[in-house]
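Asker: Residues per chain are reported as follows:
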Amino acid sequence: MYDTSYDRDRSTGTWAQSLSYNYARQRLSLSANGNYTSIDLILNQGSGSESGNLTTRGSFLVTRRWNLALEGTFTHLGSRDPQIRANDRQNRLRLSNQLNLVSSPTLSLQSTLYGEIEQDHGLTSGPAFRTRTIAADTIRTDAKRDSVYTRGPQEGITMGARWTIAPWMKMSADFSGTRTQRKISSYLHEFGTRQDGVRVEVPDTQHFNPMDGTQSAQSQWVYSGKRGLLASLNMKYLDSDQSYYEKDLRNIEQLGINQRSALGHFEYPPIRGAQLTIDGKRDYTLSQYSTRGTRTSRVTGQSAHSSLFYGPSVKGNAGAEFTVDQRKTDLQTIGGNGVTITRFLQLTGMYRLTRRLGVQGSGSASLNSIQFVPAEAKADQDYARAALNVAGTYTISKQCSTTVRFLVTRGHLVWIDPSRSGTNSALTNYQVDAGLKLGVTPTLSINQNYSFVASYTIYDQLPSESKNVLNRSKRIDTTVTETFFSVATFQLTHNFLFLDSGSFQRRSASEARLYNVLNERWQQALSATLTAKPARGIQIYISQNLNNTRIHQPASDLRTRDNQWQLVSGASVDRTILGSASLHGSFQRIQQYTERQSPADDLRESDVWVAGVALHKEF
Amino acid sequence: MTIRIEGALAVLLLALLTLASCGLFEPRNPKPGGGTIVPCVTPNSPEDVITNIVDHYASDAGITCYTSMLDASFVFHPDPGDSNEALPDTVYVGWNRDVETRVDQNLAANATFHQAVFDSEYAARVVSADGHTQIRFYAYHLRIRAPQSADTLYQGRADLTLFQGTDTQWRITDWADKRDGSGLRSWGYLRRLYRPAGT
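Chains as they are written, first to last, in the numbering used here: chain S, 1 to 619; chain C, 1 to 199.
These are computed hints drawn from the structure, not numbers from a lab.
For each residue, glycine too, the CB sits at the ideal point set by N, CA and C.
Check before you lean on any hint, since a few could be wrong.
[Unchecked claim] Far from chain S by the CB rule (all over 12 Å, computed), these chain C residues:
| hint | residue |
| --- | --- |
| 1 | V54 |
| 2 | A116 |
| 3 | H141 |
| 4 | T173 |
[Claimed, not checked] Taking lysine-lysine pairs in the DSSO-like style, the calculated list, with each CA pair at most 30 Å apart, reads:
| hint | chain 1 | residue 1 | chain 2 | residue 2 |
| --- | --- | --- | --- | --- |
| 5 | S | K170 | S | K236 |
| 6 | C | K31 | S | K474 |
| 7 | C | K31 | S | K378 |
| 8 | S | K236 | S | K226 |
| 9 | S | K328 | S | K236 |
| 10 | S | K467 | C | K31 |
[Unchecked claim] Chain S regions said to be covered by chain C (calculated; three or more residues, Cβ under 8 Å):
| hint | region |
| --- | --- |
| 11 | 66 to 75 |
| 12 | 412 to 419 |
| 13 | 460 to 468 |
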């Protein structure tokens, strides 16, 4: 199977290819999978990247329980810009030996032993801005060639067991371990000019022989009780040491990861139509970096989630969920050590009052509290949020329905330390949305959505009263669609948005807050689109758009107007060719300019082509 | 046994109110005092978002403002060269709003001097037909003295996708960082030095 596609938009040209091949006979199977992607950054001339991967695999079933496999993987990543070129290649060749030790309906035991040869090469060339000492002279280097080779064998073992202890109890366990002995060599060549004008090369070679390894294990127990009761416990463990060359710091980086987690799950239907679920989790992750110690961190977390859903009939349902999560982070040298606590509660419900009228509602409350260690306590903050959402839908017919929604949200951000608590504020949003769907005739339909929003930002502290802000908006989106005999569609869209904003403050403590409009803004977009399907799998369209923005500042009576015209035309093809191949292609041309406000203004014209073509072929 | 749906809704509502009223969702009280306030412009236009980035990036008092300019779906994309250079460390993977917030906090706590400047737009803007999405192509430079890096000048290009949400405010959904061919380190390189493991 072969796929290829080329996409070009305003900033990027992307060519992607993939090929896959599979062959299977009684004991032998062969497969090959490859992909290659090349990206050209059109607006950054000379910049781009390539990436490719080729994997081939052959396996042979020696006996019913013994399988031998040989797998080779080649990966390439490259990037370039006018100054810097980087290439990274990885080669892997693995021979694995899989044994099915036990295979019965209640017990299966599987083991795989493998050996792998690894070879990596990273090469970067580009400018260098360093001061180096050679012999008795000091020079400033201006270019470099940085090459890092990594090679070595890896051995590994994986084991897996599945055991049905009883019809109501199942257990599984997996273990894997690897050991790698690598040789890492760094060859850095920097180039500079001596004071006497002679070009010199400054070589720097380093060799490392790190020993790496990984052990991981996981175990799961599942209990299936009567009347839909299900309980499970899943435990995981990972201990890993991986080394690589850190080019910035010219040293070997050893990353040690230690992870442990336990996850418990319980679900039970207490009554018909209801479901109770409880989950609990504890986890621990330690990431230690030997060279770039600033990335070291330890995270300990525990969380619990419970939910109850009740839906006895299609007439209505109700649900509630509650989540608590606590994560402690430490050992970070660049900050961020402390505890984060999250609590979240949500209630949802739906009820159909009549065949045509239904109401839905939801309410939620949450708290996110970040409590840093005393040395970083000035970054302590709490964020509390509450939301209430009520909506009603009235359906007159399939062609005609209306929806009304009322939404209130309140978010309160509290910095605890006095150095930041001046910005503590509450943002309250009131929003009313309404939607109308009207099928005037079988071919003519109208969709209209209305939205009215008022957002109040009220600062907690009295000295910050003058910063209080009110934003209001009205939004009306209208779409009229006419379909002509299913070969063509005409769509007219109008988007209207008005927003104003200004201060919302009281002049004295006893007075009510007053709104003082500082800025008014109108945004309108009018779009007319004609789409036609002249033949099966072919679509052409043309769209004329006008974006209009007007701004008024009442205090100075300053008015501005901005009209942007846009013409979008394009076509797409989606067809089967040559029997089993399919071709999908599309192109789009976007021409736009902004009307001048004075003769000296730039038109800000642009003419953009966006195109893509994809071919899929099965052999 | 079955329960009427009206009864179930009433019980759940009662449970919600009970839990909410026992202080589980109450923020802590700030310590006495109260520092200075740094104005954060309401992002009613893409220009407001840019103003807030310039004024508040890597600033101790501007963390709230900077991170409020990032959409919940925010993703940062490094230059392919920076990503390649970091290998086999996959430090750029999963760079969302939480990671960006953490990195900004670390930079703010660590940097002794910072100045972010969007110098120019190196290509014409792309505006969606409905006017609610814009892609802007900025050339930037950044001066930061931060102990994790020997460099103090960073330069490159930032392709920002800005989206106007249902609350009518603009936020950044995608930030694609690019080297500019000058050989100077990019903003993305600086960012990766301040991302701890496990975030």
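Asker: Hints first: check each against the structure and report whether it holds.
Answerer: Here is how each hint holds up against the structure:
no.: 1; hint: V54; in the structure: holds, 18 Å
no.: 2; hint: A116; in the structure: holds, 19 Å
no.: 3; hint: H141; in the structure: holds, 16 Å
no.: 4; hint: T173; in the structure: holds, 16 Å
no.: 5; hint: S:K170 / S:K236; in the structure: holds, 17 Å
no.: 6; hint: C:K31 / S:K474; in the structure: violated, 39 Å
no.: 7; hint: C:K31 / S:K378; in the structure: holds, 10 Å
no.: 8; hint: S:K236 / S:K226; in the structure: holds, 28 Å
no.: 9; hint: S:K328 / S:K236; in the structure: holds, 19 Å
no.: 10; hint: S:K467 / C:K31; in the structure: holds, 21 Å
no.: 11; hint: 66 to 75; in the structure: violated (count 0)
no.: 12; hint: 412 to 419; in the structure: holds (count 8)
no.: 13; hint: 460 to 468; in the structure: holds (count 5)
Violation of the numbered hints given earlier is confined to hints 6 and 11; the remaining hints are satisfied by the structure.
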